[in-house]
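**Student:** Each chain, written out:
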Amino acid sequence: MKILVAIKRVPDAETTIKVNPEGTGIVNAGVKWVVNPFCEIAIEEALKIKETKGDVEVVLVTVGRSESQEQLRTGLAMGADRAILVTAENLDTTGVSRVLAKIVEKESPDVVFLGKQAIDDDSNEVGQMLAQRLGWAQACYISEFNMADDAKSAQVVREIDGGMRTDKVMLPAIITADLRLNEPRYASLPGIMKARKKPLEEIDGASLGVDLEPKIIIKSMAPPPARAAGRLVESVDELINALKNEAKVL
Amino acid sequence: MGNVLIFAEHAHGELPKATAIAVGAGKEAAQKLGGDTILAVLNNTIGGLAERAAKLGATKVVTVENPALEHNMADVTAAALGEVAKAVDAGLIVFAATTLGKEIAPRLAAALEAATASDVTGINDDGTFVRPMYAGSAFATVELKGDRKIISVRTTAFEPAAEDGSSPIEALSVDIPMPGNPAEFVSQAETKSDRPVLTEANRVVAGGRGLKNAENFTTVLEPLVDALGAAMGASRAAVDAGYVPNDLQVGQTGKVVAPALYIAVGISGAIQHLAGMKDSKVIVAINKDAEAPIFSVADYGLVADLFEAVPEMTGKIA
Ligand SMILES: Cc1cc2nc3c(=O)[nH]c(=O)nc-3n(C[C@H](O)[C@H](O)[C@H](O)COP(=O)(O)OP(=O)(O)OC[C@H]3O[C@@H](n4cnc5c(N)ncnc54)[C@H](O)[C@@H]3O)c2cc1C
Ligand SMILES: Nc1ncnc2c1ncn2[C@@H]1O[C@H](COP(=O)(O)O)[C@@H](O)[C@H]1O
Numbered sequence: 001m002k003i004l005v006a007i008k009r010v011p012d013a014e015t016t017i018k019v020n021p022e023g024t025g026i027v028n029a030g031v032k033w034v035v036n037p038f039c040e041i042a043i044e045e046a047l048k049i050k051e052t053k054g055d056v057e058v059v060l061v062t063v064g065r066s067e068s069q070e071q072l073r074t075g076l077a078m079g080a081d082r083a084i085l086v087t088a089e090n091l092d093t094t095g096v097s098r099v100l101a102k103i104v105e106k107e108s109p110d111v112v113f114l115g116k117q118a119i120d121d122d123s124n125e126v127g128q129m130l131a132q133r134l135g136w137a138q139a140c141y142i143s144e145f146n147m148a149d150d151a152k153s154a155q156v157v158r159e160i161d162g163g164m165r166t167d168k169v170m171l172p173a174i175i176t177a178d179l180r181l182n183e184p185r186y187a188s189l190p191g192i193m194k195a196r197k198k199p200l201e202e203i204d205g206a207s208l209g210v211d212l213e214p215k216i217i218i219k220s221m222a223p224p225p226a227r228a229a230g231r232l233v234e235s236v237d238e239l240i241n242a243l244k245n246e247a248k249v250l
Numbered sequence: 001m002g003n004v005l006i007f008a009e010h011a012h013g014e015l016p017k018a019t020a021i022a023v024g025a026g027k028e029a030a031q032k033l034g035g036d037t038i039l040a041v042l043n044n045t046i047g048g049l050a051e052r053a054a055k056l057g058a059t060k061v062v063t064v065e066n067p068a069l070e071h072n073m074a075d076v077t078a079a080a081l082g083e084v085a086k087a088v089d090a091g092l093i094v095f096a097a098t099t100l101g102k103e104i105a106p107r108l109a110a111a112l113e114a115a116t117a118s119d120v121t122g123i124n125d126d127g128t129f130v131r132p133m134y135a136g137s138a139f140a141t142v143e144l145k146g147d148r149k150i151i152s153v154r155t156t157a158f159e160p161a162a163e164d165g166s167s168p169i170e171a172l173s174v175d176i177p178m179p180g181n182p183a184e185f186v187s188q189a190e191t192k193s194d195r196p197v198l199t200e201a202n203r204v205v206a207g208g209r210g211l212k213n214a215e216n217f218t219t220v221l222e223p224l225v226d227a228l229g230a231a232m233g234a235s236r237a238a239v240d241a242g243y244v245p246n247d248l249q250v251g252q253t254g255k256v257v258a259p260a261l262y263i264a265v266g267i268s269g270a271i272q273h274l275a276g277m278k279d280s281k282v283i284v285a286i287n288k289d290a291e292a293p294i295f296s297v298a299d300y301g302l303v304a305d306l307f308e309a310v311p312e313m314t315g316k317i318a
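For the record, the sequence lines run as chains A and B.
Using the numbering used here, the first residue of the first sequence is number 1, and each one after it goes up by one.
Using the numbering used here, the first residue of the second sequence is number 1, and each one after it goes up by one.
No wet-lab data here; the hints were simulated from the structure.
Worth double-checking, as some hints may not be accurate.
Here are some of the chain B residues that sit facing chain A, going by a computed Cβ distance under 8 Å [unchecked claim]:
id	residue
1	Thr-99
2	Ser-118
3	Gly-122
4	Phe-139
5	Thr-141
6	Gln-252
The beta-carbon is built from N, C-alpha and C at its ideal position, and this holds for glycine as well.
Could you put the whole structure together from the sequences, leaning on the hints where they help?
**Tutor:** What follows is the structure in structure tokens.
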């Protein structure tokens, strides 16, 4: 069986993001780049299936600049078998999903895992778009993944607004991981050593014959509106009084 | 630019506030960019849903009734909406940015090769849209290319349409191009609660890791929640630890809320949490650590042990 996991290089969740003075993007200096947390969860799930089912190849793919190799190496160090870097710049979710659809055609995986959202653009789109392009079923925001013994279908638990729901999808399908699916492992030192020798194929995005022109153009970026400064209160009484008489919300 | 098609999310025969908000945003878009507003209700049985939708005052309500539309399966619903979009000449399609809206909108965008933006917080006169990125650390003004656009709108950023309209209702007969291997619904476990819905509530009391366990949520936090008639929310840490169900998570990757009053109890205020509550009108923080970042967004901060302050506050309010 083959599992494809799509991952994205993003700023670390702990990094403070600032908009640059020109309002064209964010300040890149000092940003630490990592595997998108939801993608780490996606990788972990693939590795868990590999461990329980055996005979599973876990292939990572990312679309981006050549620096994204670092994130592929991280995933390989966690235990993935090989990786594909599709080099392309400034793609939007449409472009990424088109590229990923091509890679899926080439690789014919039995299931594709993605993160629910990338924490840089916060789009929450690529998995759904990819599913449509392939004509596959999608299971988004999953917190449980149970593959049938014959590997022909999977039952998933999905986090939805009012609670949880369980769906069944025939494989191959697109699965996007939510936070509570698992706890991703850290790469071990031997894992990191081994990862250096694992295959990492590079494909020029322009060679895939898909339209990479973005459909969403960022015209400008601004920092969020600042909140007026508040104050500390000394006691519960003062708090209740302020809520009643100043803020008038009690 | 064509018409504005709005997806009517519904559950148990009712329209949640999110649908009224999507209509509100759709009307705003139509006013600025032109076109009629068309509210689409899709289900296996339409019943009273159409009349309820008509009250929201769109130019027209269209309905699609088909057994395959039961259970809001994203693949089938997107396929059906694609046909509706063509039938009504939709230039802009509006979803509420709920989990359901965000499942369907991008799928539909790929099907129609339409440009899309999620979590939109503003619609500009020139046809550009505003959306947050990086957990709300940046707001981008974006242009969507092409003749057909799809947005999901953040429910805290738009006013709900009033329920005093009466749109004409038209039943559409569309052939749904069924996907080859549709996903199947198995079961649903809804969080049952007598409290207001988190995303609709006027007041929210949210607890974090500082509560320490599930029992304290029940014995310490809930009495305050109920004394205020509030909805309960939580940080990711509290949800991950299993103190409360996942659908109470407020933040970048959870619910976005903007109540009149938000009380954060034992929550440090990580940027991912702030992303989901920063737009609340009045924010109160109760935390024993005076350095906690939550105080930077709080209108009123109380540096105190929550296990003393919360019961005291409950007693004095009730
Ligand atoms: C990809 C990603 C997505 C995320 N999405 C979200 C999200 O949507 N929502 C979200 O909330 N988080 C999210 N997070 C997690 C976020 O970064 C924080 O880890 C989380 O919000 C912390 O929760 P907390 O404030 O409850 O816990 P902590 O940070 O541990 O804070 C607990 C607080 O309780 C206080 N406290 C302890 N005891 C007491 C007491 N007796 N009295 C008073 N105060 C006390 C402490 O001083 C502390 O400030 C996300 C993280 C990542 C990486
Ligand atoms: N450039 C990319 N390369 C590979 N996968 C991506 C890329 N962008 C997004 N994804 C995948 O799609 C998921 C959702 O991303 P998004 O729709 O951008 O929020 C991510 O968690 C990844 O799994």
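**Student:** What hints, given by number in increasing order, does this structure fail?
**Tutor:** The structure breaks only hint 3.
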